[in-house]
Every structure is written in structure tokens, then in C-alpha cells.
Amino acid sequence: MEYKDETTSISGSWNLGQWHWKHETAVLMQHFLASLKDKKVLGLKCPECGLVYCPPKPYCSCLSIPEEWVEISDEGVVTTFTFSGSWSYGGMEEGAGTPRIIVGVMLDGSNTEMLSQLEDADRDHVDVGMRVKVKWADEPQGTIEDVMHSLPA
Amino acid sequence: MEREVAIIGYAQTPYEEDADASREILVLRAAREALASAGLSRDDIGTVITANNDYLDGRTISNMRLVEPSGACLKDESKVEMDGAYAALYALMRLLSGFHDVAMVIGESQASVYPTYAPGVMTLDPTWDRQRGLLNEVSAAALQARSYMNTYGISEEQIAAVAAKNLGNAVKNPLALRAVPGATVEQVMGSRMLCSPIREMCAWPATDGACAIVLAAGDVARKANRAAWIRGVGFYHDSYLTERPLDKMTSLKMAADKCYAMAGIEHPEVEIDLAEISELFAHEELMAYEALGFCAEGKGGEFIDSGATRMDGILPVNPSGGVLAANAVCAAGLARLAEAAMQITGEAGDHQVKGVKTALAHGQTGLCAQENIVYVLGGE
Numbered sequence: 001m002e003y004k005d006e007t008t009s010i011s012g013s014w015n016l017g018q019w020h021w022k023h024e025t026a027v028l029m030q031h032f033l034a035s036l037k038d039k040k041v042l043g044l045k046c047p048e049c050g051l052v053y054c055p056p057k058p059y060c061s062c063l064s065i066p067e068e069w070v071e072i073s074d075e076g077v078v079t080t081f082t083f084s085g086s087w088s089y090g091g092m093e094e095g096a097g098t099p100r101i102i103v104g105v106m107l108d109g110s111n112t113e114m115l116s117q118l119e120d121a122d123r124d125h126v127d128v129g130m131r132v133k134v135k136w137a138d139e140p141q142g143t144i145e146d147v148m149h150s151l152p153a
Numbered sequence: 001m002e003r004e005v006a007i008i009g010y011a012q013t014p015y016e017e018d019a020d021a022s023r024e025i026l027v028l029r030a031a032r033e034a035l036a037s038a039g040l041s042r043d044d045i046g047t048v049i050t051a052n053n054d055y056l057d058g059r060t061i062s063n064m065r066l067v068e069p070s071g072a073c074l075k076d077e078s079k080v081e082m083d084g085a086y087a088a089l090y091a092l093m094r095l096l097s098g099f100h101d102v103a104m105v106i107g108e109s110q111a112s113v114y115p116t117y118a119p120g121v122m123t124l125d126p127t128w129d130r131q132r133g134l135l136n137e138v139s140a141a142a143l144q145a146r147s148y149m150n151t152y153g154i155s156e157e158q159i160a161a162v163a164a165k166n167l168g169n170a171v172k173n174p175l176a177l178r179a180v181p182g183a184t185v186e187q188v189m190g191s192r193m194l195c196s197p198i199r200e201m202c203a204w205p206a207t208d209g210a211c212a213i214v215l216a217a218g219d220v221a222r223k224a225n226r227a228a229w230i231r232g233v234g235f236y237h238d239s240y241l242t243e244r245p246l247d248k249m250t251s252l253k254m255a256a257d258k259c260y261a262m263a264g265i266e267h268p269e270v271e272i273d274l275a276e277i278s279e280l281f282a283h284e285e286l287m288a289y290e291a292l293g294f295c296a297e298g299k300g301g302e303f304i305d306s307g308a309t310r311m312d313g314i315l316p317v318n319p320s321g322g323v324l325a326a327n328a329v330c331a332a333g334l335a336r337l338a339e340a341a342m343q344i345t346g347e348a349g350d351h352q353v354k355g356v357k358t359a360l361a362h363g364q365t366g367l368c369a370q371e372n373i374v375y376v377l378g379g380e
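Sequence order for the protein chains is Z and E. According to UniProt numbering, the first sequence is numbered sequentially starting from 1. According to UniProt numbering, the second sequence is numbered sequentially starting from 1.
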């Protein structure tokens, strides 16, 4: 469209980080994240159907309330994977940085999958069923970042 | 159903990469054309349901701007922020209530105004997956595809065959955005890799467009220019993508079973003459074959290899080119419904399949097809 360039722009920015999500997950997440400092991964177990959610979730699809904390392993099995370009928010433009290996991991003792970025792995050997473990920092900070990366186990 | 409801009119705008019109004008064009095809005027409309989404439009309560161009001004109307196939469900229920005889249903979106695969990011869990930056619509679909391939031994070539079939079919659909004459598996396999195993030709194209259908009940439907009767409908919503198996479409299977029970269909692979499926990514069509009971579980690859779903096969799927040929988000599933109706009424033009008496239409919403809706349409 020829006149597209004439659209008026209003200067400023839209800070997507200014959202402050207020729901039960925040309370549960604090406990979950705090335990990461001790290199412990926690899951929340549903009293009715027994499903263990990791990360924790304040409700279960069976309409019960998971409230029992259980320690799960920092090792698990790859359930699916993709080799992706390096982008984070949105468009498919392959941005700066190296392409990533994204894996779905079912940590031992959990019933939900945690996605993570697999490192130090040969692409030819990445497959469903592969064993991986959380790549811990020497001193985990108790943030989402602590369990962002995994290594072949 | 107590009251019989039929699709008596339909229209789709040409699907474009960058339409030279606003979304309101696209909706206006679709609404006027659908009404004209039904032989009705705005006065005849009882209720209007629109489908679009704020996060696609980049403004809140965006759908209020569609009230006038959809014909809903000062009429009974409502909106859904899901695929248009759900707007049709809402309209169907309102007609079944007996309070209205005619419903206008419209879905639209304009991908030219937003980063193509970004909106899916806005549907991620904001406290976890959105902040981790590993997922968008394509990487999520890639995880789904890999899971399905691994469980059932599906090959990349079998997935590419879906894209080759649909993009080839699209050549005969003048409204399609992406049509590839004589598309081959090799050509699809040679297209750019986005997130393995998803290639560019196996992913939906950014599309501008709108689709409208007119539903009618009772005498209005019986006296209409044409009628594709809704014989059954089923719909289910599954859990979030990290909390369910991605190698099968459980909610689609349940939706199909419910729909078939309502429509009295016992052997879908034999009784259904044609299907229009919302395959946002090529592998989802193979998964849908299985969930819809067209073939056994895990046999989606063999089913495409058999040629059964080609335009000249025993059960043509997506003769329009499907969603791989055009995906105006929020209009895509509604367009499947319109296309299925066109095949029943014999008005599909160059991509008409002969002798279609029973047709299936499928719509989906959410990452990795989290929720699914299935319709069965019939002729006289």
C-alpha cells in the first residue's frame, strides 16, 4: 500500500515487562524458585489424580487443588525437540546468535513437560528418549533462568 | 437437532498478503456478498456473530469496530475471540434456541499488520513460557510434529506430501493466496527450514482476508436458494501444550466422535465424501486423518501415500488448498465450513469434487491445536 509510510507515529514504547501478574502461581512460584537455589526441582502433586506439575500450577484439570510439594529429579527424558533459529519474541526473522536446540523434557517424577535449551549436544545424536539433566550454574540465583538450559545426561 | 439449520449463503474475500483495504472493509465486502448469495437483505438477519482477536489487531475491544460492517448495528449480536468455526457454533445455538431464523457469521484478520508468527506468543503462560522465549507458533508446532513423527514413524516426505497436495489443489481456487502449480514433495522439501521439521511450505502463510456465512433455520432454510444442512457438530478443548501428549489430537478425536454420533455416521472413512481441515501446519493434516477416523491411529502417513485424499481420491481433503493456501486467522475454520458447504451445493467452481453429499469441516484454536471443532454437513 503506497500510503503506508505516511502513517502517523507516536513516539514512546510499550513496556511489556510492566505487567504484574497477580494470581496464585506467584506464591507457588516463589517457593519453586527459592528451592532452585539449592539445586532442587520441586513439583506440585494433585491429591485426586496424582499428576505432578512442574512448574507448579494452582489447579488441576480434574478440578482439584494440587498442594503437596514433591521433589523431582533434575534429570529426565527428551519427549520432543526442534532445531530453531535464534529469536525470542515473535517474528521468524533469524536474528543474531546461533540456532538453538529446544527440547521438551519430562523430568523424572513429573507428569508435565519443561521446555529447555539443550547445550553441548551433537545434533545428530539428539533424539526422543535421550537422557538430559538440568545445567546448573555454580550458584543458582533462584530464577527461571536456573532451569533454562540442559545438558546430555 | 430439534430445529434444522443450514448454511444458505457464503462469501470469502480473495486472500492476500497485504490487502489494499482495512479489516472493516474486508468484513463489509464479505458480509454484503454473503447476504447477496443468500438472497436476503440486512433486515432479514436475526443475529450476528463475529470472530477476531484483540491481540491480532493490536488494540483492545477491537471487535466493536466490526459491528457496523458486519450488519450488526442495533441488532442482536455477539462476538467470539476464537476461530470463526466457533462463531458459527454460537450462531447455530442461537438459531436452535428458536429466537432467531437467520444468522450472519464473520471471521477476519490481517496478518500484514503484525509479525506473522508472533501472536501465538501472547497466548503462552505469561509467568513461565512467555518469559523463557523458547516458543512461538512455529517452534510449538515443530515440537508437536516431532512428537507425532517419533511415535508413529512418520517421515518428513509424508508431511511434505500434504503441502504438495494442498498447494497444488490451490491452483484451482481463485481466492487462494499461495498456490503452486504442480507442487512436488521435492519442492516442499527444498523450501526454507523454519524450525525442524517445519519448512516454509509446511507452515501457514501470513494472510489478509475475511469469510462470512449465512445460517438459517426452519422455513427460511427450506425456501433458500441453496442449503447445506448442519447434521452434526462436536467440540472439545484440551489442556495446555506442556500438559498433554502432543503426538495425537485427543480433543479432535473426541469432537469427531461426538459430531458423528449426532450426524448418525458410523464409518466416517466411507460415509464422508470430502473434508476441509484446518491444517495450520502440514503434519496436522495427517494427525487429523487419524483423529477423524479416516484411517487407523498412526496410519496418517500411509493414508496420504495411498492418494486417498487427493482431489481425485476416495476421500478428497482440502480441495480448496486448505489453510496452507490461505490462513486469515479467525476466518480459517469458518472458510473450511464455507468450502464444505460449497462442495455440497455444487458451487465450488474449478475445485468442485463430483457427487459430494456429506462433507466434514474442521476448525481449531490455540497452540498445537489445543481446541477443535468438527461439523458434518449434508445435502437434501
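Keep in mind that the hints were calculated from the coordinates and are not lab data. All values derive from a computational prediction rather than experimental measurement. Just so it is clear, CB atoms sit at the ideal spot from N, CA and C, and this is done for glycine as well. Certain hints may be false.
Here are some of the chain Z residues that sit facing chain E, going by a computed Cβ distance under 8 Å [said to hold, decoys possible]: (1) Met-29; (2) His-149; (3) Leu-151.
Computed from the model, here is a short list of chain Z residues facing chain E with C-beta under 7 Å [to be verified]: (4) Gln-30; (5) Val-77; (6) Thr-80.
Now the stretches of chain E that chain Z is said to cover, found in silico as 3 or more residues with beta-carbon under 8 Å [to be verified]: (7) 230-244; (8) 251-257; (9) 298-305.
Evaluated hints:
no.	hint	verdict
1	Met-29	holds (6 Å)
2	His-149	violated (11 Å)
3	Leu-151	violated (16 Å)
4	Gln-30	violated (11 Å)
5	Val-77	violated (12 Å)
6	Thr-80	holds (4 Å)
7	230-244	holds (count 3)
8	251-257	violated (count 0)
9	298-305	violated (count 0)
The structure fails to meet hints 2, 3, 4, 5, 8, 9 from the earlier list, while all remaining hints are met.
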